[in-house]
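K.L.:
Starting from the known structure of chain A, arrange chain B on it as the hints suggest.
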Amino acid sequence: MINKARKKSITPPEPGATIFRLLYSDEFSSTLISDIEDEYRIIYAEKNKYASYIWYHHQLIIALLSVFTDSFYRSAIMLKNYFKIALRNLRRNKVYSFINIFGLAIGITSSLLISIYIFDEISYDRFHEKADRIYRICMDFTGDGDFRIHQLGTPRILATTIREKYPDVETIAQLYYFKWTLTKCGEKAFKNETILYTEPDFFKVFSFPLIKGDPEVVLSEPNSAVITRTAAEKYFGEEDPVGKRLSILFNMRVEFDVTITGIVEDVPENSHIDFNLLVSINTIEDSERWNAVMSNNWYSDQCVSYVTLREGVTLDRGEEMLMEIMHSVVPEGNHPVWTLQPLKDIHLHTDLATGYGTNGNAIYIYLFSVIAVLIIIIACINFVNLSTAISYSRAREIGIRKVAGSLRRDIIKQFLGEAVMICSISLILALLLTEFLLPFFSNLVGSQLELLYFQQWYVIPGLIGFVLLSGFFAGIYPAFFLSAFGITEVLKNTLSKRGKKGLFNLRNGLITFQFLITAFLIIGTMIVYKQLDHFQNNRLGFDKDRILIIHQTDALDKQVPVLKENLRRSPDIEYLSSSTFLPGYGFWNFGVRVGPQLIEGKNNTLDMTVCDHDYLKTFNMQMAEGRFFSRDISTDTAAIVINEKTVEYFELKNPIGKRITVWGFNRKTFEIIGVIRDFHYKSMHLPIRRMGMTLSGTHPHWIDQYVSIKLKSENISKTLDFINNTWDEVSPGLKLEYTFFDEDYDRLYKAESLTGNVIALFSCLAILISIIGLFGLTAYIAEQKTKEIGVRKVLGANAISIVNLMVKEYIFLICIANLIAWPAAFYAANRWLEQFAYKTDINITVFIISSFVVVLISIIAVCFQTIRAANTDPVNSLRNE
Amino acid sequence: MKLLSRAEELVLLAIWRLQDNAYCVPIREQVQDVSGKEWTFGAIYIPLHRLEKKGFVDSFMGNATAERGGRSKRYYKVKKRGLQALAEIKKVEKAMWDGIPEFSIE
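So the sequence lines, in the order shown, correspond to chains A and B. Numbering-wise (the numbering used here), the first sequence opens with residue 376 and increments by one. Numbering-wise (the numbering used here), the second sequence opens with residue 37 and increments by one.
With the rest of the complex left out, here is chain B:
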């Protein structure tokens, strides 16, 4: 089992969902939309960085655009190991939730 923190899991999923447009700004929006909370860039950046170090994602520089003052974006792409990790997480989640009695929070 590849160990992932919740933040890492959220970011990894967001990258996968965004596919070709996965750079920090949309990733953050995606994570905010899903979790319904405000995330700072720092809070996104750390798990992103860590995911890359662990070898779950790859990053590459996009083309420079004028509105970024000539600086290019760093795009992220999920690697095979990242997909395996996601698959594993999904499996575990599913197994955990299977057969759980219904409950409601009042």
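So here's chain A without its partners, still in its complex pose:
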């Protein structure tokens, strides 16, 4: 037969053999292939080409399978044994297994929840195709004194200039946003839709997919609009919206129509740009009546600009270009600086006063990541402590394994494998827990979170990697510790219980570390809550209780005084006041001249609001000097009330009667009639600055947006009905929108209360994990010491001294942990508080209280088992029949 093969030389099919060699290669594999090829040639000669071809590959596949099953089978025998022993051990020590698995599961769940949140936060704006090359233009201007403008406004003309002269920019798209509008479609009317005015290049910069319409065309004509899918359903129901018309009442004054030219997919949750409707920007420019809104000069700042730089163009080059443009406009002197902010940084790294929507904050991302890691560490420490403690009961198993030929390496592998197995069980449990808890957690952090296993490639490998990693960290020490047992020691039962003596062994170190983290988190939580409380109850300078706010009163236009007059009739309303701004939300900044001329080197601006005569009484603010506006004095339309900071800053000796000119109020000059005590008209994050108030009607464009009503404490629901009816009488078909001021105010500090809640939740989990770990450990040790306790009792020890004996070491450790946690927490808390202009003071009581709580809970956990052990009848533990 072999002779036949020599007749021709036939080359066998190469690819199969190549793949085979890739998958399996040792010194024999190549001869195996040549052997198969020998036979192949014979078959090729005898039969046809295809049959031999099939035969050849069949042989290769079978050979490969045999090689693999053979090697797997040999290792599987041991694996099966390891698995069996691991399960037996889990079953034998039910309590400890439960503590291990449950503790790890809670730890993993916490980390998972936090990770989901973090991944959601950092996923912002990354869905745009060109996300790497998109930048937002910011403007930074520093002037005299503490004057600084840091904002997004850019002139409309910038886009034209860049398009014409700067080829480094691939595309530029500008957005104009104005909040106060009324959108009508037949009978349906909606207030304050998020409408963005933009240009066709919007779709070149961003990847918002159009369902209908051509992105080149949809926004090119004036009065055209693109609507999102959901908004289209809201306005037009099932009908095709393309070609339909909407009417928009801009700033509740200027009305125009738009025709729908396209439908766009809803904006994803993780986009910092949000809109329901896109209107072509040329709708609101190029005409007389829009001159006030969209002027075409270099000093206007209505638009937000986004640019896509060409591939290879750096951020520095882009900023250089912007600087060139700025120099061509303002050749010398102090000029603003335009900077580029990468799109991906916008959500987490924005510290601008203006911006669309709420921002995330990178600090919290770091903070939460640290917490996630800390919790996993705590859970792993439990595992390490419990497994080393229980290990003595497995000493014999290790001895026998070594006698039977196991190397130390094999035993390390076995125990690491066991740790990974326990982690896997915990992970499965954790995934179930996460599914269950995610809705609650989403609610807590205020964003819609989901765990999607298959949408992102990294989820499943990440989870597997996570299990391997935590299994490794939890198992590495027990594995080395256990594998080091000497055979003879173990089998002769002379194993000294190493690591048990002395205070400074590893286990004590780990317990200390664990409680250090726990105490740190608890102190942190208390300080965050204290700061929150500080926001709520610090001397704000105004009241926020029992105040109802009616929003959007500017929609009533001239009817506001009528509404106020009608409302005053109710006996259940104490005071009411209309204004453009509410305290706590910040006022608008205006250039002013205090006295006859500008004061050199000072920031000549005031934060301004416009309000009516009862603002002071409604919010219960206090005057420091002079008087507030009065109905009886008609000249009060040219009067201004300033705060104490203004007096201080501009060094006004006798402020009453002095004059202030406000540029933005048509250069009107006001006389100071009073000084109001400083109140937090801005967010508590920022210091109180110079502030001024004038009467409604003094600003050319401002109409009061809010009516604030101080209610009496009785008959609230009746008063609500009354307010509702009164509103309906004067409103042009809009529904009443109201909120309670204290709730609004709390919402201002959402980020802080979110942090507070999340940290509180995870500190509780951390302490829970630490405590069950400690509980398990002491329970195990108490069980081990039953004989010792019995002997001691027989010799006359009482229960208290026995508990004392067992507990004091741990309590000592926990106290030390707390003491170390103090400076660490103090440092961290100070860093966190830095961001607030007004911070709570950190005093020692916070530390003492939280440490007391930690110590108390741990004493309870430790004593629970030891007291039981101490109270057992020595007869039971000593009898040995």
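One should not assume that every hint holds.
[Stated by the list, open to error] Straight-line C-alpha distance at most 16 Å; calculated EDC-like pairs for lysine to aspartate or glutamate:
{"#": "1", "chain 1": "A", "residue 1": "Lys1110", "chain 2": "A", "residue 2": "Asp1121"}
{"#": "2", "chain 1": "B", "residue 1": "Lys89", "chain 2": "A", "residue 2": "Asp445"}
{"#": "3", "chain 1": "A", "residue 1": "Lys1028", "chain 2": "A", "residue 2": "Glu1000"}
{"#": "4", "chain 1": "A", "residue 1": "Lys1214", "chain 2": "A", "residue 2": "Asp908"}
{"#": "5", "chain 1": "B", "residue 1": "Lys116", "chain 2": "B", "residue 2": "Glu88"}
{"#": "6", "chain 1": "B", "residue 1": "Lys89", "chain 2": "A", "residue 2": "Asp401"}
{"#": "7", "chain 1": "A", "residue 1": "Lys1085", "chain 2": "A", "residue 2": "Glu1046"}
{"#": "8", "chain 1": "A", "residue 1": "Lys554", "chain 2": "A", "residue 2": "Asp649"}
{"#": "9", "chain 1": "B", "residue 1": "Lys90", "chain 2": "A", "residue 2": "Asp445"}
[What the hints assert, rightly or not] If you want the footprint, here are the derived chain B segments under chain A, 3+ residues with CB under 8 Å:
{"#": "10", "segment": "54-65"}
{"#": "11", "segment": "75-83"}
{"#": "12", "segment": "107-121"}
Since the hints were derived computationally from the structure, they do not count as laboratory data. The beta-carbon is built from N, C-alpha and C at its ideal position, and this holds for glycine as well.
P.N.:
Here is chain B on its own, set in the frame of chain A:
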């Protein structure tokens, strides 16, 4: 008693029978002839490999031949331990079959 699986036993015997021409291709033919079944190369290769690891056979590379594309064959030779194992197996087999009443399979 040296432990051998049936496959190993068959392969070992085939090597001994082939003497100087014992490489994978004839070994497989030999085993197929004796057992009357089709054996894949993989099925031969595993016991061969295992026999070598256990120290029952030795392998060495033959001369390169043109029709194998310049690659040489791996020849196998039974070692002394292998012969002892065979002898032992034969002894056990013989002992097992001795004095067994005649039977026939219908």
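K.L.:
It remains to establish, for every hint, whether it holds in the given structure.
P.N.:
Here's how the hints hold up against the structure:
no.: 1; hint: A:Lys1110 / A:Asp1121; verdict: 24 Å, violated
no.: 2; hint: B:Lys89 / A:Asp445; verdict: 13 Å, holds
no.: 3; hint: A:Lys1028 / A:Glu1000; verdict: 12 Å, holds
no.: 4; hint: A:Lys1214 / A:Asp908; verdict: 10 Å, holds
no.: 5; hint: B:Lys116 / B:Glu88; verdict: 12 Å, holds
no.: 6; hint: B:Lys89 / A:Asp401; verdict: 14 Å, holds
no.: 7; hint: A:Lys1085 / A:Glu1046; verdict: 29 Å, violated
no.: 8; hint: A:Lys554 / A:Asp649; verdict: 12 Å, holds
no.: 9; hint: B:Lys90 / A:Asp445; verdict: 15 Å, holds
no.: 10; hint: 54-65; verdict: holds (count 6)
no.: 11; hint: 75-83; verdict: holds (count 6)
no.: 12; hint: 107-121; verdict: holds (count 4)
The structure fails hints 1, 7 (numbered hints given earlier, in ascending order).
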